[in-house]
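Asks: What follows is each chain in one-letter form.
There are 6 protein chains.
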Amino acid sequence: MSKDYQAISDEHDARAANLFRAAPDIMRSHRKITQAAQSPNALDVKTTEMMALAIAITQRCEGCVIYHAKQAAAHGAVREEVCDTIAVAIEMGGGPATVYGADALGAFDAFSS
Amino acid sequence: MSKDYQAISDEHDARAANLFRAAPDIMRSHRKITQAAQSPNALDVKTTEMMALAIAITQRCEGCVIYHAKQAAAHGAVREEVCDTIAVAIEMGGGPATVYGADALGAFDAFSS
Amino acid sequence: MSKDYQAISDEHDARAANLFRAAPDIMRSHRKITQAAQSPNALDVKTTEMMALAIAITQRCEGCVIYHAKQAAAHGAVREEVCDTIAVAIEMGGGPATVYGADALGAFDAFSS
Amino acid sequence: MSKDYQAISDEHDARAANLFRAAPDIMRSHRKITQAAQSPNALDVKTTEMMALAIAITQRCEGCVIYHAKQAAAHGAVREEVCDTIAVAIEMGGGPATVYGADALGAFDAFSS
Amino acid sequence: MSKDYQAISDEHDARAANLFRAAPDIMRSHRKITQAAQSPNALDVKTTEMMALAIAITQRCEGCVIYHAKQAAAHGAVREEVCDTIAVAIEMGGGPATVYGADALGAFDAFSS
Amino acid sequence: MSKDYQAISDEHDARAANLFRAAPDIMRSHRKITQAAQSPNALDVKTTEMMALAIAITQRCEGCVIYHAKQAAAHGAVREEVCDTIAVAIEMGGGPATVYGADALGAFDAFSS
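Protein chains in written order, with my numbering: chain A, -9 to 103; chain B, -9 to 103; chain C, -9 to 103; chain D, -9 to 103; chain E, -9 to 103; chain F, -9 to 103.
Don't take each hint at face value.
Claimed, not checked - For lysine-lysine, the following DSS-like pairs were computed, each having C-alpha atoms within a straight-line distance of at most 25 Å:
1) K22(F) x K(-7)(C)
2) K60(C) x K60(B)
3) K(-7)(B) x K60(D)
4) K(-7)(E) x K36(D)
5) K22(E) x K60(C)
6) K22(E) x K22(A)
7) K(-7)(D) x K(-7)(B)
8) K36(B) x K(-7)(A)
9) K36(E) x K60(D)
Don't read these hints as lab results, they were simulated from the structure.
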């Protein structure tokens, strides 16, 4: 009954791979943007991934929420930090951010366990 | 084949409860916002719930659409009023509001029958 | 120092008139949508105009906020009702809705005095 | 495991038909907007349908993405043109547009084969 | 009384240059995305710039609307094509797209004369 | 010619004060949300303010961008950290985030000097 976050993530990856094969130029350029934003600089990657998660929640993009929750877990974010991230998203995003924030926590729980 | 709105609503509730346990401060604060907005004042609750539904449709937030359709039904909104609400959402939200507006009516029908 | 809402409204009207002359088909169709949404039906026009205002606040569209605040005033909305409308927008729209909600009240005050 | 775009499209059509029966005025007005926008004029329909698809991707509206991918296919858009359309959406929509852009390509592939 | 689109455009350029100096990596990556999206491929640049304009209108981003209206004019778009572009934006974006669409036409008129 | 961020900030404060007097319940509730989100917890306030700034950029809300740039400066964020914040916003928000990101840096420069 609860979401299978791993399966949803795999489906998104398969579709993204299909797009990558069909439109390599734009996808490679987007990857460079991601690398520029998600590299240790003045802020570490854990922090910038949580920022991306906060934005994804307010953008109401399920695929993005799951992806960045997974990345935040992979870069060592702990549950309390993710909750603080969701709190900022709710401050800025109102009601919908409680819906997608709850999804973010569910995804984080699935990928960090 | 058609959506099981009750099941989707239950899943959202379960995820929201999980977030509430993990981040009680922010969720309690959000509940206070909801209470301030959804209390009889110059406007009655049926009207403010339909307003929240209209916003949810234009925000393209399925979980919010289902929640506020349910609340509108619980506070006595009738089908013609919900249709007028959807009409305003379409005026302001264009094409996507026809998609999420159709979802709002489906959810209202499920919860008001 | 405070905004001249009448002047901003006039500028928007002038630009809209320019678009109407250049693209009469689409603008006439949009006017029909507006008439369908903003006609007394199960809900009266005051209510549907306040709904449109609530949506405009969460859409962060200054021109729309000013237009629908003016319309709400013209259809007899009182200040307390507009405040309740803004409250729902803040519930659904978070922080940005406090910014555009404050603008909505400023515009309503300008057009209702 | 991959999405059944035809089934999702059929579900949306069924819900839209339900809304059409309940709120014929607003839905008929919206249809007129669509006809005004999607008629051969200075731009042909294939181009305006791809524009609508590009917008749908940045609006993160799955139902709209599927609908306009189907329409683009029906009006003769080829895969390379859809990829260019997705590229503009990614330029303007960032990360979420890669998610919904991948969905657009999946839907186009389903409806054009 | 009407907007000085050239002056607004110059201000945006000055701020963008300031950001470019401070954050060259991300801005250079974004420029590559823009080049990938706005190069003649299956679609010509005039068409992809009008697509970007259509998206900008529905995103309610004044700076983007002005920039892409200028680019569309520079790549040979004529007024009737820009009107068709605005029509698609109104189909997908509703009321706010009439506001930002009127701005798009004003900017196009300023840059194409 | 460049923006007077202090004056814009003062205007927003004046309008917010007007709304606070008219609708104290909802504004007090929103203040509690802000306090819950912007308190030292697992993340410090500098980080959560930069998160709010990143979200504000992708929401294309000028008033929010200026407010949270000011708050980030007040809580000790340095220019390099704000640039990294803007980079994440561009990753997630695409073209419009370069416009509002440039505004964020301009505001930060004004409030941190």
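Asks: Please go over all the hints and tell whether each is borne out by the structure.
Replies: Quick rundown of the hints versus the structure:
1. With a CA separation close to 29 Å, the supplied pair K22(F) and K(-7)(C) exceeds the 25 Å bound.
2. Restraint check: the Cα-Cα separation between K60(C) and K60(B) comes to about 31 Å, which exceeds 25 Å; the hinted pair is violated.
3. This hinted pair checks out: K(-7)(B) and K60(D) have alpha carbons roughly 22 Å apart, not beyond 25 Å.
4. Restraint check for K(-7)(E) and K36(D): the C-alpha separation of about 34 Å exceeds 25 Å, so the hint is violated.
5. With a C-alpha separation of about 44 Å, the suggested pair K22(E) and K60(C) falls outside the 25 Å cut-off, and the hint is violated.
6. For the hint linking K22(E) to K22(A), the alpha-carbon distance of about 9 Å falls within 25 Å, and the restraint holds.
7. The hinted pair formed by K(-7)(D) and K(-7)(B) meets the criterion: a straight-line CA distance of about 16 Å does not exceed 25 Å.
8. In summary, the hint linking K36(B) to K(-7)(A) is not supported, as the alpha carbons are separated by about 32 Å, beyond the 25 Å threshold.
9. Annotation: proposed proximity of K36(E) to K60(D) holds, straight-line Cα distance about 24 Å (limit 25 Å).
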